[in-house]
Structures are given as C-alpha cells and as structure tokens.
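Those protein sequences? They're chains A and B, same order as listed.
For the first sequence, the numbering used here gives the first residue as 3, with consecutive numbering after it.
For the second sequence, the numbering used here gives the first residue as 373, with consecutive numbering after it.
No wet-lab data here; the hints were simulated from the structure.
Take the hints with a grain of salt, since some may be wrong.
Unchecked claim - Below, simulated EDC-like cross-link-like pairs (lysine to aspartate or glutamate); rule was C-alpha separation at most 16 Å, straight line:
| # | chain 1 | residue 1 | chain 2 | residue 2 |
| --- | --- | --- | --- | --- |
| 1 | A | Lys-41 | B | Glu-547 |
| 2 | B | Lys-510 | A | Asp-5 |
| 3 | A | Lys-41 | B | Glu-466 |
| 4 | A | Lys-41 | B | Glu-457 |
| 5 | B | Lys-510 | A | Asp-6 |
| 6 | A | Lys-103 | A | Glu-58 |
Unchecked claim - Chain B regions said to be covered by chain A (calculated; three or more residues, Cβ under 8 Å):
| # | region |
| --- | --- |
| 7 | 432-443 |
| 8 | 446-456 |
| 9 | 507-513 |
Heads up, the beta-carbon is just placed ideally off N, CA and C, and yes, glycines get one too.
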Amino acid sequence: MTDDAAILENQRLEIRLLLEAIYQKSGYDFRGYASAHIKRRLEHVRARNSIPSFCEMIRRLIYDAGFFDEILQALSINVTEMFRDPEFYRAVRDSVVPHLKTYPFIKVWHAGCAAGQEVYSMGILLNEEGMRERAQIYATDINPQVLESARRGIYPLESVRQYTANYQKAGGHASFADYYTAGYDSVAIAADLKKNVLFSPHNLVTDGIFGEMNVIFCRNVLIYFGDDLQDKVIKLFLDSLCNGGFLCLGTKESLRFSAHADAFDVVDAREKIYRKRVVRVPSVQGEP
Amino acid sequence: MRGIAIGASAGGLEAVGRVLEALPADFPAVVIVVQHIAPHANDTLARRFQRHCQLPVREAEDKEPLLPGIVFIAPADFHLMVEPELRFSLSREERVNYSRPSIDVLMETAAEAFCSDLTGVILTGASVDGAAGLVAIKRLGGRTIVQSPETAEVDIMPRAAIAACAVDAVLELAEIGPFLARLGFEDPC
Ligand SMILES: C[S@@+](CC[C@H](N)C(=O)[O-])C[C@H]1O[C@@H](n2cnc3c(N)ncnc32)[C@H](O)[C@@H]1O
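Pulled out of the complex, with its shape left as it was, chain A reads as follows:
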C-alpha cells in the first residue's frame, strides 16, 4: 500500500466516525448514504471552515451548537424546479391519473419534497384533472429550512420563465400565470394550491411508514443513498403503498438494482414509474 492509500484508509475511518458522531449528536443518520457523495460534501464544509481534519470536525460538531445545521445544509442537495422533467409529468397524466380517477379519494406522498416545487406542480396537474378536491397530499423532507420554504411557496421571479416552459412541455392546459401572483422579485404560489397539503418533517432513514398511499413521489433523493439504504427505503415505500399504488422515482433512478424489484410492475421504464403488485392475502385454511 502506498502512503497515500494508507492516508485514504485513515480518512475513511475518520468519516465513518464523524457520521457516527452526527448520528449520536443530532439523530440524523447519514451512515448509509453514498460514501463518495458524503465525502465530497463533508470536504466542502471542512475546507470552507478551514478545519484541518475530519477528526477536528467531530470536536466542532460536539461543542458548537450551530455547526450541525451547516453540515445538514451541505448534505441536503435541494436543487429542484416546477415540472422538472416535463416528460415525466406527461407520463403521470397519461398512465397514472386514469387509475387514480377510479378512486373516490386518494393519498399522495412527496418524500424529499425540497422547497415544494414538485408538490405544487403535481397539485396543478391534479387540479386540471379535476382530482384536487379528492386528494390528501403529504409532503416531507429532513431539512426544516427547505420545508419552511415549501410551506411559504415563494419562488424567485427569475425561475418563472423556466417553470412556465416546463409547464407547457408537460402538457399544461391553462395559463401558468393563473397559478401564482407576481411580486417585485418573487412569485407566490396561489393559496388554493396549498389546500389539502400537509408539510411535515420525515426522515426516510429513521422514520416509519406512511400508510395506504396511492402514489409516492421520491425523485432525486435515492441517488444520494448507498445501495443497502436504497433497498431499505424502497421496502418502506412498498409497505406504505396500497395494492396497485404507484411509485415514481427520478429519471436516473431505478428499481433495477433493488432486491424489491419483483414486488413492482414497470409502468413506464423511461420515466421510472412503477406500480405495486397486488398482494393476494393467502386464504386461511383449516388444519391439514
């Protein structure tokens, strides 16, 4: 082993201990996240604060109450857009919504909703399909800061052009401007779109199931998890979905490498839309 390879091994040990410290100090469990990703993010924080090593970061984490929030913000990648990946929303309209329309009432969960753009996009879509009044929407994230932005639903004016273009590409029927009010340098999402939406903190790693969902959106969250943790979270989704419920992942995520792939049918391979197979409860039989 070269000296540098030995240094690398030691550094990996330091990072494992730092993640353990984060877990014990804050309850946030990043130990199963993708390690190349975690290392890059922690390295940013280390360099920005001129901390000499990850070991020193442990000390800082323990004794500086504000430092954990800086780590949390660095580990929560929250770039998002309204109608991000317009083709995905088209596919939802075409292959998911017709099934949802057969229910009198539906439950929708956005796991890892970031600042809410995905939630409001889906809200608009459900509105246009005449489904909003029949839907209860849960929107969750681990990052309290982004959840607060999601609740407010105020976005920079500059982003509206992109959002409008996405909305049109996604097959929107109306004028996108009907869904917000413009201020001086920002836009506010129409209050009506916040009805039936419950924003709350939920950690996919450590918190439990959300029961009987008809659709779960978890887009661009699983890429930050290691493969074992992905599997664990996919199991959580499986247990949270009703029979025939839909799971929508990000365009570059898939169930291909998951141990639970067989529990789902592929609805749209390109847009990563899956459907939970109907589980038949074995009928109770008498003693053999």
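Once you have looked at the hints, place chain B with the ligand on chain A.
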C-alpha cells in the same frame, strides 16, 4: 478490475469516438467517459459512441455495479461518481468547473475507488476540468495520459492538465486508443 476514466469537452464527440474505436471486443477493463454536454441532451451520447465501438456502450445508472468490458457514459446534467465498492452514484450537486457532469468529480472519486488500477485520460476541451482529477489519480498511484495539445481540436484542457500534473504520457489522438488497448491487458496490481 482495471478502470479507465476519459474526460473530454469541446471537440470530444469526435475524439472520444476515435479512442473507443481502437478498443477490442475482449477488452478486460471498465471504461468510464465524461463528455461535457448540454443539460437537456438525452441519452444520445451512448448511442453515438456505440457506432464506433466494439464494446457495449451505455449510460451509467445510479448504483449500477461497474463491469469490465463495458463503456459507461455519464448522463447529461448529473455528476457521475464511483463508490469505493465499485458502483456508480449520480448527483445533482452544483456544477464543478462550470460543468455537470464534471471530469474532476468522476476522476477524484474513481481514483479513490481504484487507487493504482486507474488510468485517467484527458482529451480536447475549452475547460480546466480534469486537471485536478488527474492530480488525484497520480497521487493514488494511477496512470495519467493527455492528448497532445497539437492534435487537440481545442487545446485548453490538455494544456491545463499538463500544467497541473506530471503526466505519464502525452500522446497524439491516434495513439491513445491503441495505447489503452494494450494497457487494458496488463495485470492489475
Ligand atoms: C434534490 S431534492 C429533490 C427534490 C424533488 N423531489 C425533485 O426531484 O426535484 C432532494 C431532497 O431530499 C431530501 N432528503 C435527503 N435525505 C433525506 C431523508 N433521509 N429523508 C427525507 N428527505 C431527504 C433533501 O433534504 C432534499 O431536499
């Protein structure tokens, strides 16, 4: 398993194709390519490179295990990383050197996963991306190759790499594919 990480930017569509066409069908290393491309370009890159290449070429998927004899291409608008257990990870974190995917991000993570079993190759481009990546590869005992600036459609990226790193070889574009083809068959350390 040996790894080969190739980074290219402006002029790369042509140059990467030239390198890939020299690799034989029984090539035993895994090849990973970051070609800078517009964010909304879809999976056309893999199809395009496949035309020149005897090995299967495909877009890398999240958590996909790296396999020898396959050419993996970074998807547009995602960073591509190699995890220590030799699986890919994707990320939408901010651009690095104005780029996503970034060559540095691929090479730095691949260097840590492969150590001395990695070869990094920098081709044509108008960027400094890849220079820090080559330094990381070299530091962990891997090999570094740069296209000679004279044969590069845009010489900025090769020059930046050569300035940053004491590279092992500066080769003309036509030599790089055959060089990798031989190197792939050497025993991994
Ligand atoms: C890139 S955003 C995804 C936003 C939106 N779904 C989209 O695709 O545009 C990823 C979000 O996942 C959240 N996240 C990361 N780890 C999480 C966890 N363990 N549980 C819940 N949310 C998590 C982050 O805080 C971040 O807001």
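Each hint tested on the structure:
no. : hint                 : result
1   : Lys-41/A x Glu-547/B : 36 Å, violated
2   : Lys-510/B x Asp-5/A  : 13 Å, holds
3   : Lys-41/A x Glu-466/B : 15 Å, holds
4   : Lys-41/A x Glu-457/B : 14 Å, holds
5   : Lys-510/B x Asp-6/A  : 10 Å, holds
6   : Lys-103/A x Glu-58/A : 55 Å, violated
7   : 432-443              : holds (count 5)
8   : 446-456              : holds (count 6)
9   : 507-513              : holds (count 3)
When each numbered hint is compared with the structure, violations occur for hints 1 and 6.
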